[in-house]
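Engineer: Residues per chain, in single letters:
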Amino acid sequence: GAVVSQHPSRVICKSGTSVKIECRSLDFQATTMFWYRQFPKQSLMLMATSNEGSKATYEQGVEKDKFLINHASLTLSTLTVTSAHPEDSSFYICSALGRGPGYTFGSGTRLTVV
Amino acid sequence: AQKVTQAQTEISVVEKEDVTLDCVYETRDTTYYLFWYKQPPSGELVFLIRRNSFDEQNEISGRYSWNFQKSTSSFNFTITASQVVDSAVYFCALSEIADNFNKFYFGSGTKLNVKP
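Residue numbers (this note's numbering), protein chains in the order written: chain E, 1 to 114; chain F, 1 to 116.
Where hints are given, some of them may not hold.
Computed footprint of chain E on chain F; a stretch qualifies when at least three of its residues, placed anywhere within it, have a C-beta under 8 Å from a C-beta of chain E [to be verified]:
hint, stretch
1, 41-55
2, 66-76
Away from chain E, derived, C-beta distances all over 10 Å, residues of chain F [unchecked claim]:
hint, residue
3, Val14
4, Glu15
5, Asp18
6, Glu26
7, Thr27
8, Ile60
9, Ser61
10, Gly107
The hints are simulated quantities; they were obtained by calculation from the structure and are not laboratory data.
Bear in mind that the values here come from a model prediction, so they are computed numbers and not experimental data.
Glycine is no exception: its CB is placed at the ideal position from the N, C-alpha and C atoms.
Turn these sequences into a full structure, and let the hints guide you.
Structural biologist: Written out as structure tokens, the structure is:
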């Protein structure tokens, strides 16, 4: 079946630094990828939608300069949290849309900013 | 307004009990998809089922069954003879044709605790 690999699974970083999270579709081409954020004991909220080769579309209230999304190829999208602060600590999860398999979620990244 | 409502925040049952997780949705589209996902403590989302709005047949998969009722806008999930491994947070989600089915609206999740 379709597999989406997300890396790293856990990351701890210092306040003010940047963190990059990768989302790769391993066995299919993902025309569109999605990034979600989940605060503790809360639901998943869509942050942005990225299409290969074009700028990401951000949901209302999500700072595009803080959460940089790059979708440079049909198998890779990256989310960079710039100048991270403790309030950015969250669980980030990506999903990928391919022509065949529908939607597949990555395993998530737990970000802790100290 | 919340498009997907999971009124049960947390449910605790004893192993072998049956349990039903409720999901009520709201949409103006006639074409949409409904989903259930399981999120174990490790965090990944495990796909359980996808149902399109034109298919109201109930589905059974092993100990899992789903009851889709358009008349009440509900898509409830029942686990029969629950097991400790069923302990997780379960999310119901909706995607609509208005968004090209690209956007998932997740409910707030129901945490299921199955005790031995």
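Engineer: Any Cβ of chain E at or closer than 10 Å to F:Ile60, or is the non-interface label fine?
Structural biologist: Since the minimum Cβ distance to chain E is about 21 Å, F:Ile60 lies beyond 10 Å and the statement holds.
Engineer: With 10 Å as the threshold, tell me whether F:Ser61 passes as away from chain E on beta-carbon distances.
Structural biologist: Holds, since 16 Å exceeds 10 Å.
Engineer: Does F:Thr27 sit more than 10 Å from chain E, CB to CB?
Structural biologist: holds, 16 Å
Engineer: Would you say F:Glu26 is clear of chain E, with no C-beta pair closer than or equal to 10 Å?
Structural biologist: holds, 15 Å
Engineer: Taking the closest pair, is the beta carbon of F:Glu15 still more than 10 Å from chain E?
Structural biologist: At about 24 Å from chain E, F:Glu15 clears the 10 Å cut-off, so the statement holds.
Engineer: According to the definition I'm using, a residue is off the interface if its beta carbon is farther than 10 Å from all beta carbons of the partner; does F:Asp18 meet that for chain E?
Structural biologist: At roughly 25 Å from the nearest Cβ of chain E, F:Asp18 sits farther out than 10 Å, so the non-interface label holds.
Engineer: Measuring Cβ to Cβ, find out whether F:Gly107 lies farther than 10 Å from everything in chain E.
Structural biologist: violated, 6 Å
Engineer: Check, residue by residue, whether the stretch 66-76 of chain F contains three or more positions whose beta-carbon lies closer than 8 Å to a beta-carbon of chain E, and give the verdict.
Structural biologist: Check failed, 0 qualifying residues.
Engineer: The output says F:Val14 does not contact chain E. Does that hold with a beta carbon cutoff of 10 Å?
Structural biologist: holds, 23 Å
Engineer: Three or more residues of the stretch 41-55 of chain F near chain E by CB distance under 8 Å?
Structural biologist: holds (count 6)
When held up to the earlier numbered hints, the structure conflicts with 2 and 10 and fits the remainder.
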